[in-house]
Amino acid sequence: MKGSNRVVDMLRDEAWFSRMVEDHLQSLYAFIHRRSMGLDNGLSSAEDILADTWAIAWQKRAQAPDEQSLESAWLYQIARHLLANHIRRTQTLRKHAATLDPEIVSTSNAESLHILDEEVKRIFALLSSGEKEVLALTLWEGLEPREIALVLNSTPNAVSLKLHKARKKISDYYEKESQSQ
Amino acid sequence: MSFDDFVARFKKHDPAASLETNLTPSQVAQQSMDREVSNVTPISTWTRKRKVISTVAAGLLVAGISGPFMSGAMTASGPERFVFGTSPEASGQMRSANESMLSSDMKIGLPYMGSYYIYESDIELSTQATSMMAYRIVPRDDAETIGRSVARSFGITNLKVSEYDQNSLEFASDDKFFNLYLSDSYTSLNYSDYTNDPWKECYQVIENPDGSTTSSGRNSDDVQECNPVVENLPSEAEAKRLAIDLMNSIGVNARNFKFEIWSDTAYVSVTATEYLDGRITPMSWNITYTSNSEVAWLYGSLTELEEISEYEVISETAALRRANELNVTRIENFKSDIGTNDLIDVEPTYSSEGDTATNEPGTIDGGSSEPNPGTTDEPSKPIDEPTFTFEPQIVHVTKIELTYETFWLADGSVVWLPTYQFFGYFDGEDKNEVYMLGSIVALIDDAIDLQSLYGQSISARLLD
Chain A
1 MKGSNRVVDM
11 LRDEAWFSRM
21 VEDHLQSLYA
31 FIHRRSMGLD
41 NGLSSAEDIL
51 ADTWAIAWQK
61 RAQAPDEQSL
71 ESAWLYQIAR
81 HLLANHIRRT
91 QTLRKHAATL
101 DPEIVSTSNA
111 ESLHILDEEV
121 KRIFALLSSG
131 EKEVLALTLW
141 EGLEPREIAL
151 VLNSTPNAVS
161 LKLHKARKKI
171 SDYYEKESQS
181 Q
Chain B
182 MSFDDFVARF
192 KKHDPAASLE
202 TNLTPSQVAQ
212 QSMDREVSNV
222 TPISTWTRKR
232 KVISTVAAGL
242 LVAGISGPFM
252 SGAMTASGPE
262 RFVFGTSPEA
272 SGQMRSANES
282 MLSSDMKIGL
292 PYMGSYYIYE
302 SDIELSTQAT
312 SMMAYRIVPR
322 DDAETIGRSV
332 ARSFGITNLK
342 VSEYDQNSLE
352 FASDDKFFNL
362 YLSDSYTSLN
372 YSDYTNDPWK
382 ECYQVIENPD
392 GSTTSSGRNS
402 DDVQECNPVV
412 ENLPSEAEAK
422 RLAIDLMNSI
432 GVNARNFKFE
442 IWSDTAYVSV
452 TATEYLDGRI
462 TPMSWNITYT
472 SNSEVAWLYG
482 SLTELEEISE
492 YEVISETAAL
502 RRANELNVTR
512 IENFKSDIGT
522 NDLIDVEPTY
532 SSEGDTATNE
542 PGTIDGGSSE
552 PNPGTTDEPS
562 KPIDEPTFTF
572 EPQIVHVTKI
582 ELTYETFWLA
592 DGSVVWLPTY
602 QFFGYFDGED
612 KNEVYMLGSI
622 VALIDDAIDL
632 QSLYGQSISA
642 RLLD
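If you read the sequences in order, they're chains A and B. So in the working numbering, spot 17 of the first sequence is number 17, and the numbers just go up one at a time. If you count the second sequence from 1, you need to add 181 to reach the working numbering.
Okay, chain B solo, but in the shape it has when bound (with noise of 0.2 Å):
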């Protein structure tokens, strides 16, 4: 096997290879024109619904849960008991997806259709509660007094400032060039000098019809054969001590940070991490060195906290009880919501032999699947309802991990809360195989509001 086979299975695999939209271009040009962003109508209205029982699948999982809007102001030494809501900011604006807060082992595309998960630890988990600081991040809105600063860090002179959208600026400086995104109250920082870019050699300079040139990068099958000069290489631990400076210099407190450094032979890229009292957070940072140690990239968020209070945390044993009444009852709600439930639309459809609905198996029960010899002269005609069924999944819990990540409150504010992380692998697959499964609120049940966060109650019985 090779790069080219992983290509070619990839593209092989492509999930909307053969899709397509049912609506005529001149449709979707009109009713766009027609249409004013900020009062979206959805699409769904224009047309008919669709009979696509895969996705019918993968809404079962997740609905019913989302929170309604709450209020619910936090005061100065922090609520009782948070309320979750979405943020303001989130309706009708663009908004850059903030890639620097993201976890980086989330995993992808695992198994779901047609089944609900069952988590089982593998290890002994603690019974032990504890406590935690909850924060909040503070709003800026000054970008450009910011800008300013971190163009000092990087020696940038006659730097030019140009408002790019409500939500970020851009600066550049002859091949220097980064933004600042102040969406979602963080303040992520991506900055770029092209006269480091070992690569830059391995672009080339296109002549336009109109004469202009553009740059262009080379076929991407292309880049790996250009060989780039790199001089002066840093060390990785001189990178690590750039790294903390720079960081440092730009007013980010490089002592909260864990640091991992990848070096190849073009460049050294620092990773670094942020942590609080000792738990993760989604918080890191990049900055890729290459000849004569200067910046060719970097990306980073500005996000300044603040405690809010320290409130009890649930046990890890009480954490696993919560996701597992959490998919519970989603499911049971689910199941008894779904005859009144818009956002499903299932048309069952018909074999030509006879009148059997023909759903995808395992997702949806739509009847005996074998021809019923009594009927087979009769006209088909639809069924009544399909029946979902489900069946549970064993998720093995091989590691818990209290960490802290981003939750947006009723009030419009971004907090940091305790999370439980899960790590684990699926029954009957390779325990070798590990996923970061997802996460969970670690407050105890009297410091949240259940309802807002998951549309319904429930709770990790903490008295069991």
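Bound-form chain A, shown alone (with noise of 0.2 Å):
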């Protein structure tokens, strides 16, 4: 076991990991800003859960992707878990506690989105949480179903059904609009 570490530290060294902050840094704080935005400290939060990411990403290098195009993918999951973390830390209690901040609704990465154009946001309401997930990581990550399953500890299939029920989701609301029009 402590061989095969030093295989892995040996090529999952420092200059792995700077060619991989390199590649990902913006897009990773990217991802955790859009589900931060909501929270208290907004880009604080943001700030902390990103070099928390990389933190862990470095101690658990070990179970990176083989495959350089997971890698973001990979990073998305460990922020994924240390925002809902965040979230139930900070703020589920309010929420389950208390608290009738509408912004505050759920610990939920994809309820936590940050959705600025009115008729989008009420669209994206009518989908479930994981749907709201799944779109969110497809439009504004860029990311394909076998990425999302990753970063969702998924199936690509699964991912597909819920792209599938947003996609049919949405054009059933544009075809109701369309005949109460």
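Please keep in mind that the hints were generated in silico from the structure rather than gathered at the bench. Since this is a predicted model, take the numbers as computed values, not measurements. Glycine included, each C-beta is placed from N, C-alpha and C at the ideal position. There's no promise every hint is true.
[To be verified] Examples of chain A residues toward chain B, derived with CB under 10 Å: (1) Phe17; (2) Tyr29; (3) Ala57; (4) Lys121; (5) Ala125; (6) Ala158; (7) Tyr173; (8) Tyr174.
[To be verified] If you want the ones that stay clear, here's a sample from chain B, every Cβ over 10 Å from chain A, calculated: (9) Glu261; (10) Arg321; (11) Glu325; (12) Ala332; (13) Gly336; (14) Gly432; (15) Asp458; (16) Ser472; (17) Thr579; (18) Ile625.
Fit the two chains together into the complex; they arrive one by one in their own frames, and the hints show the way.
Next up, the structure:
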């Protein structure tokens, strides 16, 4: 076991990690920011979670995917866990316990997404938590189903089903809208 | 309008589209390699604080309400007063978001900038107090035993178990896969069976440069165009019956659940929500059936509950009052603390024409927005302190419902307590746009330590 760890350490050394940070720093920051805008401290929380994500990525580098194209999904997975912890630790208590702050609504990452366009927000609200998450990861992070599956610890098939459902719900909404006009 | 229009607008309004961190990759890499995750130092110590006004506004509404971690053990008959804290599990550990515990109708992105909320009821609220049972979630640490039991329910043999991390176990057999999460004292279950995936033909096998292959999803835009082949799809009634049988076989009492069924040409999806004493809980299951009534996907929680004791519950009228007192008290406390609150870091910005602060309207009043003719020749300099203004926003409550929600106690235990959920709409907006506004604990003042819950003393003033 120790031997295999040494091999990992050799392959995933500081140069490897520096390259990964260089490649993914901004996109990871954007990912976290989109999900932390509604949290207390906003950007400050995003930066703390960003720091934790990279620290964990370094500590758990042995678990990093071999395939470079899956690195961002792996990092999002770590960040998503940390966001969930952060939301639970700092806000879920308030939500469940007491607050009526409409901006504090859920421990789900997708539910904490901040959407500015009123109509998009209204339509997005029609979707389930899972559908929102999958759609956001597709449209904002530009991930494919197999990458999303890694982020969500799911399968590409389940992800595609959610995408299909989301697309159908949105299309149905527009169809009803056009019929009522 | 079409789905493509939605996509375009969604992308256009990306709140992080032009955002970049000031941190350099080399700085981040070095700091990360030097850090111990168990002893995380906030990144704010690495770098200067930012001047982001919108973030400050978001912080205002929640500042100062985090409760201190207080000790307090639960007795066999339950505590006289619940003392709240954060779960010890939450600190420094990676855990899965237990999505099955989430309310499905939570809404997102509601307005909050520069305002606080006053709740007014459009309906006649009850003044009748009542009582409800409180429940404790029994921690489970027998994931492998549970997993093997679940596997038997699915008829899985030759089960392989691999530890995923300290909070979950993965189980796999051929094309079947499931995992159990033990985080937060819940035991959540995710199951999938690739062989039953109606879209399995829509995926491509990609050959990697090293000769290995990867099963890849097709581009999401193509998914709708790929028509799955499905045979002998169960009826909605059959799917419900199958779901009940399956849940019972896994050890979940399906009689406590209410069922909703959603079907398409390729699958029938059953969602079961648990009710206790007629009240909705955060617990739900979802089972998706496809060809020949086989399960393609499932998620749920194998949480065990035990009764604590029955507690007095405030009336709907008192709940509304408690909500308003919370919001007003919180804002007042923030105003009094604002000079010393180090969470807030506001640096007024300056227009090029003079020395007038130009903060975001309606959020932070940094002074007059009109240039002062008498000072335009003087060099720019910061104003002393920005002042904060808040406008109350009326929220109309159209429905209040008693439910159960999850709380973490100071001793680390997890409980379900009676909670009022509020539904309504925002003043000046469409009455038909009803949101799930939020929730507030429903136990009487004497049964809860409000200070640990809110970080401040408030009361529902039950004797009014």
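Hints, one by one, checked against the model:
no. : hint   : in the structure
1   : Phe17  : 6 Å, holds
2   : Tyr29  : 4 Å, holds
3   : Ala57  : 7 Å, holds
4   : Lys121 : 5 Å, holds
5   : Ala125 : 5 Å, holds
6   : Ala158 : 5 Å, holds
7   : Tyr173 : 9 Å, holds
8   : Tyr174 : 5 Å, holds
9   : Glu261 : 18 Å, holds
10  : Arg321 : 19 Å, holds
11  : Glu325 : 19 Å, holds
12  : Ala332 : 18 Å, holds
13  : Gly336 : 19 Å, holds
14  : Gly432 : 23 Å, holds
15  : Asp458 : 18 Å, holds
16  : Ser472 : 13 Å, holds
17  : Thr579 : 14 Å, holds
18  : Ile625 : 14 Å, holds
In summary, the structure agrees with every hint in the numbered list given earlier.
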